[in-house]
Amino acid sequence: MKFVDEFRDADTAHALAAKIAALCEPGRQYKLMEVCGGHTHTIYKHGLEDYLPESVTLVHGPGCPVCVIPMGRVDDAMALASEPDVIMTSFGDMMRVPGSNGSFFDAKAAGTDIRMVYSPLDSLKIARKNPDKRVVFMAIGFETTAPSTAMTIMRAAQESLQNFSVFCNHVTIIPAIKAILDSPDLRLDGFIGPGHVSTVIGCRPYEFIARDYGKPVVTAGFEPLDILQSIYMLLLQLSEGRSEVENQYSRVVPWDGNPTALKVIGETMQLRPYFEWRGLGFISHSALSVREKYAQFDAELLFHVPGVRVADPKACQCGEVLKGVLKPWECKVFGTACTPETPIGTCMVSPEGACAAYYNYGRMNRHRVKEAVTIQVGRP
Amino acid sequence: MCLGIPGEVIELLPDQPDLARVDVSGVRRVINIGLLADDPPVPGEWVLIHVGFALSKIDEAEAGAALQFLEGIGQAYADELEALAESRIE
Numbered sequence: 001m002k003f004v005d006e007f008r009d010a011d012t013a014h015a016l017a018a019k020i021a022a023l024c025e026p027g028r029q030y031k032l033m034e035v036c037g038g039h040t041h042t043i044y045k046h047g048l049e050d051y052l053p054e055s056v057t058l059v060h061g062p063g064c065p066v067c068v069i070p071m072g073r074v075d076d077a078m079a080l081a082s083e084p085d086v087i088m089t090s091f092g093d094m095m096r097v098p099g100s101n102g103s104f105f106d107a108k109a110a111g112t113d114i115r116m117v118y119s120p121l122d123s124l125k126i127a128r129k130n131p132d133k134r135v136v137f138m139a140i141g142f143e144t145t146a147p148s149t150a151m152t153i154m155r156a157a158q159e160s161l162q163n164f165s166v167f168c169n170h171v172t173i174i175p176a177i178k179a180i181l182d183s184p185d186l187r188l189d190g191f192i193g194p195g196h197v198s199t200v201i202g203c204r205p206y207e208f209i210a211r212d213y214g215k216p217v218v219t220a221g222f223e224p225l226d227i228l229q230s231i232y233m234l235l236l237q238l239s240e241g242r243s244e245v246e247n248q249y250s251r252v253v254p255w256d257g258n259p260t261a262l263k264v265i266g267e268t269m270q271l272r273p274y275f276e277w278r279g280l281g282f283i284s285h286s287a288l289s290v291r292e293k294y295a296q297f298d299a300e301l302l303f304h305v306p307g308v309r310v311a312d313p314k315a316c317q318c319g320e321v322l323k324g325v326l327k328p329w330e331c332k333v334f335g336t337a338c339t340p341e342t343p344i345g346t347c348m349v350s351p352e353g354a355c356a357a358y359y360n361y362g363r364m365n366r367h368r369v370k371e372a373v374t375i376q377v378g379r380p
Numbered sequence: 001m002c003l004g005i006p007g008e009v010i011e012l013l014p015d016q017p018d019l020a021r022v023d024v025s026g027v028r029r030v031i032n033i034g035l036l037a038d039d040p041p042v043p044g045e046w047v048l049i050h051v052g053f054a055l056s057k058i059d060e061a062e063a064g065a066a067l068q069f070l071e072g073i074g075q076a077y078a079d080e081l082e083a084l085a086e087s088r089i090e
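Taken in order, these protein sequences are the chains called A and B. First residue of the first sequence? That's 1 in this note's numbering, and the numbers climb one at a time after it. First residue of the second sequence? That's 1 in this note's numbering, and the numbers climb one at a time after it.
Note that these hints are calculated values from the structure, not bench results. Treat the hints with caution; some may be incorrect.
[Said to hold, decoys possible] No more than 30 Å apart at the CA atoms, straight line, and that leaves these computed lysine-lysine pairs for DSS-like:
no., chain 1, residue 1, chain 2, residue 2
1, A, 327, B, 57
2, B, 57, A, 332
3, A, 314, A, 108
4, B, 57, A, 108
5, A, 293, A, 263
6, A, 178, A, 31
7, A, 314, A, 327
8, A, 178, A, 327
9, A, 293, A, 314
[Claimed, not checked] Residues from chain A shown here face chain B by an in silico Cβ test under 8 Å; the list is partial:
no., residue
10, 108
11, 112
12, 116
13, 250
14, 252
15, 310
16, 351
These numbers come from a predicted model, not from an experiment. Every residue, glycine too, gets a C-beta built ideally from N, C-alpha and C.
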């Protein structure tokens, strides 16, 4: 019953659920995409789908930075890590992501110098302490982590550090959303906009979704009630025939984002002409590389990067899961060959990946969840 | 990595205006506050931290709610705190 005890506001949730149900037109199906992996996590952990009418489906989006890294890029990073005198540094989330020849963890076990860091600034410190080594930071993430990499590059430039570079894999969320909107596979009715990415980019970049595609967007917080509230706001827009960008998470997300963060990204990085995303393929202007001004910190210029495109393992259906075409449990290897302990695909690696989230929390069957929640609400 | 974690600013480092010591669930570490240069936090204020950088200011109630959410997440937050505890930003 751990699940239920943690969800203190189940009664408020039921009240919101009733308001949501009241907005649904009979016979109409609603598909809403939560873009951010953090939201996916909350949805599965709290069984939020069980609060929703059958006609509302939540579709999990591509907003898990580890999940969208294509296999070829992992192989490139491995190639960099195995160059002489290199110390590769990486966030913990990246360590278990499988490339075609194993993960960072496997390479580390085999003797390659790969170190886990909390922050790119920790990577910088390793560089300062090891002047005879070449320290590479494996930069991944959306606009939430890109400013940190940008600030670190600027700091390295100030200090004229000679032995620090960044293997830049930062991606931008808007082109991915556009690719999904343009994909014929999926008909969506609205978007639950990412929370923390929006603290950086603000809400304006989503306006094209409302204006050009006629779909509502509501930027949402991470608590269960935030998500239910956002679903309510989306359905209210749909019922009133509106498509606007609204900010449910205004207590954290400023409408214009964080201008300083955007400025430092612009100072140090530029859009790549195209970048490969796992599952979504090549998307134009969807990723960042280090600007020429900071070329001495660009690992792609300092080292030989193989750049070979590697197809995902045949059994893996992360691509379909990332596009929201398949639910995690519909993948052929979900929970059998692919588990968080021995992941085949990236969606099972990261705690924000839809598969890992579902695997960890989704085992309770829906009937039992509903029963348990009812009991909890009924308690004095 | 993608988790924003709330921390209370304890002190600004006197000789490094970009750095502040924060308390995150009892773990005290130094983070960079350069991204909040337009409105720098002062001791007692709360910030949302991503990979060693404060990305936005939040109020205490929001910090409390965010912490409760993170503690509920379990392993992912434990991992993040463990990584933070290893961090030595300077």
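Hint check:
Pair hint residue 327 of chain A plus residue 57 of chain B does not hold up; C-alpha atoms about 36 Å apart against a cutoff of 30 Å. Using a Cα cut-off of 30 Å, the hinted pair residue 57 of chain B and residue 332 of chain A is violated, with the two alpha carbons roughly 44 Å apart. The hinted pair formed by residue 314 of chain A and residue 108 of chain A meets the criterion: a straight-line CA distance of about 26 Å does not exceed 30 Å. Using a Cα cut-off of 30 Å, the hinted pair residue 57 of chain B and residue 108 of chain A is violated, with the two alpha carbons roughly 37 Å apart.
Restraint check for residue 293 of chain A and residue 263 of chain A: satisfied, since their Cα atoms lie roughly 15 Å apart, inside the 30 Å limit. Simply put, residue 178 of chain A and residue 31 of chain A have alpha-carbon atoms about 16 Å apart, close enough for the 30 Å limit, and the pair holds. Our distance criterion of 30 Å between C-alpha atoms is met by residue 314 of chain A and residue 327 of chain A, whose separation comes to about 17 Å. Between residue 178 of chain A and residue 327 of chain A, the direct Cα distance comes to roughly 21 Å. Compliance with the 30 Å bound is thereby established for this hinted pair.
Between the alpha carbons of residue 293 of chain A and residue 314 of chain A the distance comes to roughly 41 Å, so the proposed pair goes past 30 Å and is violated. For residue 108 of chain A, the interface hint is violated, the least distance from its beta-carbon to any beta-carbon of chain B being 15 Å, above 8 Å. A distance limit of 8 Å between C-beta atoms decides the matter here; for residue 112 of chain A the minimum to chain B is near 20 Å, and the interface restraint is violated. Using the Cβ-Cβ criterion of 8 Å, the hint placing residue 116 of chain A at the interface with chain B is satisfied: the shortest such distance is roughly 7 Å.
Interface hint status for residue 250 of chain A: violated, as the beta-carbon distance to the closest one in chain B is roughly 11 Å, over 8 Å. Annotation: interface hint on residue 252 of chain A holds; nearest CB of chain B at approximately 6 Å, less than 8 Å. Taking 8 Å as the C-beta contact cut-off toward chain B, the hint placing residue 310 of chain A at the interface is violated, the least distance being around 23 Å. Because the smallest distance between the Cβ of residue 351 of chain A and any Cβ of chain B comes to about 4 Å, under 8 Å, the interface hint for this residue holds.
Checked against the numbered hints listed earlier, the structure breaks hints 1, 2, 4, 9, 10, 11, 13 and 15; every other hint is satisfied.
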